[in-house]
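Chemist: One-letter residues, chain by chain:
2 protein chains.
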Amino acid sequence: MPEIRWDLITEERVIIATERSRRPHDFKKADAPVDPKPKFVSSCPFCLGNETLTPPEVDAFREAGTAPDSPGWWVRVVPNKFPALAPEGDLNSRESGIYTLADGVGVHEVLIETPKHNETPVAASPNQWLEAMRMYQRRLQVLSRDERLKTVLIFRNEGKSAGASLEHPHSQLVGLTFVPPVLQRHIEGVQRYRSRHSRHPFEAIIEHELREGVRVVRQTERFLLYAPFASRAPYELAVLPLEPIARFDQMPDESLKEFAELLQDALRRLYAVLNDPPYNYMLFTAPCGYEEEFWLHLRIAPRLSIDAGFELGSGVGINITAPEDAAQYLRGATPSS
Amino acid sequence: MPEIRWDLITEERVIIATERSRRPHDFKKADAPVDPKPKFVSSCPFCLGNETLTPPEVDAFREAGTAPDSPGWWVRVVPNKFPALAPEGDLNSRESGIYTLADGVGVHEVLIETPKHNETPVAASPNQWLEAMRMYQRRLQVLSRDERLKTVLIFRNEGKSAGASLEHPHSQLVGLTFVPPVLQRHIEGVQRYRSRHSRHPFEAIIEHELREGVRVVRQTERFLLYAPFASRAPYELAVLPLEPIARFDQMPDESLKEFAELLQDALRRLYAVLNDPPYNYMLFTAPCGYEEEFWLHLRIAPRLSIDAGFELGSGVGINITAPEDAAQYLRGATPSS
Chain A
40 MPEIRWDLIT
50 EERVIIATER
60 SRRPHDFKKA
70 DAPVDPKPKF
80 VSSCPFCLGN
90 ETLTPPEVDA
100 FREAGTAPDS
110 PGWWVRVVPN
120 KFPALAPEGD
130 LNSRESGIYT
140 LADGVGVHEV
150 LIETPKHNET
160 PVAASPNQWL
170 EAMRMYQRRL
180 QVLSRDERLK
190 TVLIFRNEGK
200 SAGASLEHPH
210 SQLVGLTFVP
220 PVLQRHIEGV
230 QRYRSRHSRH
240 PFEAIIEHEL
250 REGVRVVRQT
260 ERFLLYAPFA
270 SRAPYELAVL
280 PLEPIARFDQ
290 MPDESLKEFA
300 ELLQDALRRL
310 YAVLNDPPYN
320 YMLFTAPCGY
330 EEEFWLHLRI
340 APRLSIDAGF
350 ELGSGVGINI
360 TAPEDAAQYL
370 RGATPSS
Chain B
40 MPEIRWDLIT
50 EERVIIATER
60 SRRPHDFKKA
70 DAPVDPKPKF
80 VSSCPFCLGN
90 ETLTPPEVDA
100 FREAGTAPDS
110 PGWWVRVVPN
120 KFPALAPEGD
130 LNSRESGIYT
140 LADGVGVHEV
150 LIETPKHNET
160 PVAASPNQWL
170 EAMRMYQRRL
180 QVLSRDERLK
190 TVLIFRNEGK
200 SAGASLEHPH
210 SQLVGLTFVP
220 PVLQRHIEGV
230 QRYRSRHSRH
240 PFEAIIEHEL
250 REGVRVVRQT
260 ERFLLYAPFA
270 SRAPYELAVL
280 PLEPIARFDQ
290 MPDESLKEFA
300 ELLQDALRRL
310 YAVLNDPPYN
320 YMLFTAPCGY
330 EEEFWLHLRI
340 APRLSIDAGF
350 ELGSGVGINI
360 TAPEDAAQYL
370 RGATPSS
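The listed protein sequences correspond, in order, to chains A and B.
Each residue of the first sequence is one higher than the one before, starting from 40 at the first, in our numbering.
Each residue of the second sequence is one higher than the one before, starting from 40 at the first, in our numbering.
Any given hint could be a false lead.
[As the list claims (entries may be wrong)] Which chain A residues stay away from chain B? Per the calculated CB distances, all over 10 Å, these:
no., residue
1, Asn89
2, Ala103
3, Ala106
4, Phe194
5, Gly228
6, Glu251
7, Asn314
[Claimed, not checked] Cβ-to-Cβ under 10 Å is the rule here; a few derived chain A residues that face chain B:
no., residue
8, Phe121
9, Ala201
10, Ser210
Calculated from the structure, these hints are not laboratory results.
In this text the structure is predicted, and so the values were computed from the model without any measurement.
By construction, the Cβ of each residue, glycine as well, lies at the ideal position given by its N, Cα and C atoms.
Construct all of the structure, not just a fragment, from the sequences and the given hints.
Modeler: Next up, the structure:
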């Protein structure tokens, strides 16, 4: 019997229909040898030594004395070559007949997580990965000073079916002059839940999930890795701090280390169980003005199924893997670097 | 300069960023010979003569005297073999700790549009395609008597990247016991617009689009085919009746003929300009209780780009083809069957 589940926060429904459920290996690519990627690709704009193939860098962790746009860096940030938004423009909206439009003002950066083409999050040394997370923090910190930006979303596209056009390990950052619908609905849901239950929904979720255990993949001192009850798609995961923190850039370094380690562990578990699946992850940090109530979290969405006409036309996800089953497989995984 | 555009009804924003815009042929598949499909495929459950490969049919247009689940049909409806929802169950929601869930009750049918494996909407005779549309009407009519169902969504997935798992021409129908978020937001947007402007937003859109012309692909006596101002993705199209009609199953046959012809024409234009692109279309007909205010419409969403981390995390679409450009290419197309 399929099940309809309500998201505790947004109150949106998903359908859990396991009739065509597959065991994890059925999701695996047809023939699954993972190509060994080289450390350097001469045509790759993100590889060490190819710095001139990108727009001029806006930030980097680099050895003292090395010049921008030259080797010596270990994490590097450049503007997106094909930006979705432009850094300058008129912030005011205007009318065009019955319609409203505005200049597409915002920030669109690429965070190159490593100089090495093959140092994926799964393969990266803990320290290299932590440095990438530190750059997330630094960019959020810097961009929080741009008063035009209300939301900064950091996300990662891994694999072609997750929208990645370049293989070299990187994340992206988009700064928006508004709070987009997904975050708006999340915030409204949090406000609604708090006014009804006098506590943050994530507090309730943590308490419940730790008691039940069935959707928990791993708990660390300060974080929970779990498969959300109303996951829209197979093997969705969330990383949630056990205590509220609003802004990712204000997370203390001890917590950041633990976060980086747990995120890397989560990606390794998915890699092991689903054989290097395409995925996106999205880091949700407090939009400007919501610092009091926001509880940062990260959502990992493996791209194992395709949203088709039903999902596009309804906004309702059909998930063929129960989150409890996903959690069980992922708990049992032996992540290896 | 990228542009932010507001959807007139939902008020949600999209980003039109044509920096990496492509001409239509750049979207085309790498090597584009369209396989000639055979008329019959022995393993295809939807082909004539293979009726026993599907669950027992629930409806069909068939020659008098022919038995269900035997040849003699020209449009056939069967339950989805892997249904997202089950026909029977408890309609009440229940609690599970902090969460809410319910039996996944609903209807999930497959509408086999033709007995011939290769009779795609683009290739179909006008009469065959009209018969498929008549079956849409009949199923909506029949299911409107099931008082548990609040929404019936008919949609079509064409091509693997649009979620189609079977090649044989077919649509699907899902009956839901609730009004899903996409429709809810549409209806709320209509109500908001009407209370502000004292008219239906589609009336304003039709008037404006016909005057401007730049987003119009084709106008017929009773319908408009156009590229919506705030299209979320390249080459999105909408088919809209010029006068309000709430329910697709109550569309008079003269209108239905014109609708079928225009929809087929739209799909042929996309086929010609984008070389047989994957696409979804979704038919939005009045949910139960909204017959007074609903204005039916159909949305065609070619799947030329992939929603990645930004779109998943924000709910904002990035469209690299201006709707005005898409309309221009599609107006100029010479649709051929």
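Chemist: Which numbered hints turn out to be false for this structure?
Modeler: 4 and 6
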